[in-house]
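Student: Each chain, letter by letter, is given below.
Protein chains: 2
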Amino acid sequence: MKIRVLKHDLNESIQHVAKAISSRTTIPILTGIKLEVNFQGMTLTASDTDISIQAFIPAEDQNKQIVQVERPGSVVLPAKFFVEMIKKLPSAEIEMEVQEGFKTQIRSGSTDIQMVGLDPEEFPVLPSIEENQVISMPGDLLKNMIKQTVFSISSNETSPILTGVLWSLSENQFKFVATDRHRLASRTAELSNDDQVRFSNIVISGKTLNELSKIVPDQNTIVDIVVADNQVLFKIDRVLFYTRILDGTYPDTSKIIPTTYKTELVLDTKKLSDSIDRAYLLSREEKTNIVRLQTMDNGSIEISSSSSELGKVTEQLDLAEFTGEQVRISFNSKYMLDVLKVVESEQLHIGFTGAMSPIIIKPMDDTQSLYLILPYRTTN
Amino acid sequence: MKIRVLKHDLNESIQHVAKAISSRTTIPILTGIKLEVNFQGMTLTASDTDISIQAFIPAEDQNKQIVQVERPGSVVLPAKFFVEMIKKLPSAEIEMEVQEGFKTQIRSGSTDIQMVGLDPEEFPVLPSIEENQVISMPGDLLKNMIKQTVFSISSNETSPILTGVLWSLSENQFKFVATDRHRLASRTAELSNDDQVRFSNIVISGKTLNELSKIVPDQNTIVDIVVADNQVLFKIDRVLFYTRILDGTYPDTSKIIPTTYKTELVLDTKKLSDSIDRAYLLSREEKTNIVRLQTMDNGSIEISSSSSELGKVTEQLDLAEFTGEQVRISFNSKYMLDVLKVVESEQLHIGFTGAMSPIIIKPMDDTQSLYLILPYRTTN
Chain A
1 MKIRVLKHDL NESIQHVAKA ISSRTTIPIL TGIKLEVNFQ GMTLTASDTD ISIQAFIPAE
61 DQNKQIVQVE RPGSVVLPAK FFVEMIKKLP SAEIEMEVQE GFKTQIRSGS TDIQMVGLDP
121 EEFPVLPSIE ENQVISMPGD LLKNMIKQTV FSISSNETSP ILTGVLWSLS ENQFKFVATD
181 RHRLASRTAE LSNDDQVRFS NIVISGKTLN ELSKIVPDQN TIVDIVVADN QVLFKIDRVL
241 FYTRILDGTY PDTSKIIPTT YKTELVLDTK KLSDSIDRAY LLSREEKTNI VRLQTMDNGS
301 IEISSSSSEL GKVTEQLDLA EFTGEQVRIS FNSKYMLDVL KVVESEQLHI GFTGAMSPII
361 IKPMDDTQSL YLILPYRTTN
Chain B
1 MKIRVLKHDL NESIQHVAKA ISSRTTIPIL TGIKLEVNFQ GMTLTASDTD ISIQAFIPAE
61 DQNKQIVQVE RPGSVVLPAK FFVEMIKKLP SAEIEMEVQE GFKTQIRSGS TDIQMVGLDP
121 EEFPVLPSIE ENQVISMPGD LLKNMIKQTV FSISSNETSP ILTGVLWSLS ENQFKFVATD
181 RHRLASRTAE LSNDDQVRFS NIVISGKTLN ELSKIVPDQN TIVDIVVADN QVLFKIDRVL
241 FYTRILDGTY PDTSKIIPTT YKTELVLDTK KLSDSIDRAY LLSREEKTNI VRLQTMDNGS
301 IEISSSSSEL GKVTEQLDLA EFTGEQVRIS FNSKYMLDVL KVVESEQLHI GFTGAMSPII
361 IKPMDDTQSL YLILPYRTTN
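Chains as they are written, first to last, in UniProt numbering: chain A, 1 to 380; chain B, 1 to 380.
Treat the hints with care, since some could be wrong.
[What the hints assert, rightly or not] Covered by chain A, per the in silico footprint, the following chain B stretches (three or more residues, Cβ under 8 Å):
no., stretch
1, 114 to 126
2, 130 to 136
3, 277 to 286
4, 300 to 313
For the record, the hints were derived by calculation from the structure and aren't laboratory data. All of these numbers come straight from a predicted model, not from anything done at the bench. Glycine included, each C-beta is placed from N, C-alpha and C at the ideal position.
Kindly generate the complete structure, drawing on both the sequences and the hints.
Tutor: What follows is the structure, given as structure tokens:
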């Protein structure tokens, strides 16, 4: 392998694949990035076995030469060093040449680097995925759906399936669900699903989805999602992002969501968020994060929390609407703040079916999101 | 104590004094902030015994009422909670009232807080400092002198005196020195010292100086420095910053600095910095940070480093000037980068007196700074 490549393009691709590199891997070859060059361009691959990312740099793009290939070939280079070094090279152009024993010479300006390379044959081969089930969606919608559900996954590794987000698709309805048994987030979006793709019980690690989010550009990108037996492949421009599907059956959450309420409130999202935030400051000191919400005779609500060591916070909040019974309920304020952070609607609907039943939060101008928080049983 | 105070001003003062609060103190009263109100205004005090900070909020400033005092008094409030809560209160005005048993009521908008307060009599009294020795200097100069020396202090608590920066003043020359026995930074500034103040062996903790830097505004502030027997007091606008002087005698460093050189180089600061930075990437993997510099026959220098696992970096750098003998020397690249980060001059002078003698770095257009790095003894 002998090439000249533009630093900017190489660096961009390196930054993408670097997200799949684990510093704690026990497989030495996976601490590296695989480079493969042919006359079409250069392909970079990195993998931590859970996710694999591949980025392609075309030899030529819009009549601009990006990779000048003198001799095709491949090598695996030590990722951490390679990633940081390329970024810091002095010139806009980089020369790379793989010599005997995979020793790789990198030249840029007056900098000359000899890098110890590894045999690319040792690098695991990426799964080949049948492209029977493909859906397409805007990148910013995908990112939004991830953001609005992933915070509700479980961090407890004893139920691995709950560390993922459940995906299902039927007709045009694409749905994400996440729950840690104490709270739940659900978000649906309508897709034009011309190929009549259908799936259920596809569960993808929340950690993986967060990494995926970082790779998807904020605007004007269509992401193709290929769903196979035990893998999902995301195609984002010239980047391929492979992840495995979590093993196991996701619990049926449909039955725990109430459909009728005894009490319904409509109120301002920002004001509720600020108020819970202040109450959280105190509740946090008690480690429980317990905050109490109770409806008042004057049509407002009271938010309060207390700490034996620090004191008490009480505040009143006006409601836009209030129907049904009076309610007095305690919940984890951190869970509520997590929900309020991702809600984009100015007003919220909150439904209660009693002090021991799930609290349901829905943004007013968005019928596709639903958040559930289980209340705390408290003595007073 | 019963007052109304503007949130903005209270919050600003709280942020200043909060820098003296240690979360790890074993003295319960020091987890609090002391508030003292009289008809002139409000004084806030926090202390971690090493440093104490006091901020004053005048009742009136430029015809604007800031604190409206109904009843003077004082209380100690739990710092962490108080600091975060005041920032998040909904209204621009805050009402505070200390009730029986130091219970303190805080009201703002529709938020009502009962805070557990402590007896202000238990709060340690700040030292009274005789103002015999006072010097004044611009705040940005003080910050610069701290930044350009403090990185060379020792982090090793077994020589406590070296965890500080040595201050001395004679005639108009105000000098800072820091060393960890492997490197040294020295910075002098000229002050108008009309009162003929003189001192030596004043050593102030580097950690404290970093905190002080955060409080000094970037522009247009004169800082008054009062030097007493075992304390130094900094007066910054309405903030008083007290710190103790470290015990012990600072070593005499004047003799280790060579005054003549066998080799002298002049070169571009940025280019050297970039080059050392690349070599550092490799040297870091060997834990030693060793980088080698050697002069070449063609009047340039070569910077290189190597790692058995990763490879080798070599680069050439042009010199603006080169006088004296050829030199080949190894040093800690991290120490060199620390120096290059704080040098503002475009060109540097580096002086050598042999492969085992100190390396002296001086910015070209600044005769008031000097940096010293001891070389490594290497076998090849």
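Student: Now tell me if each hint is right for this structure.
Tutor: Hint by hint, here is what the structure shows:
no.	hint	in the structure
1	114 to 126	holds (count 3)
2	130 to 136	violated (count 0)
3	277 to 286	holds (count 5)
4	300 to 313	holds (count 5)
In the structure shown, a violation is registered for the earlier hint numbered 2 alone.
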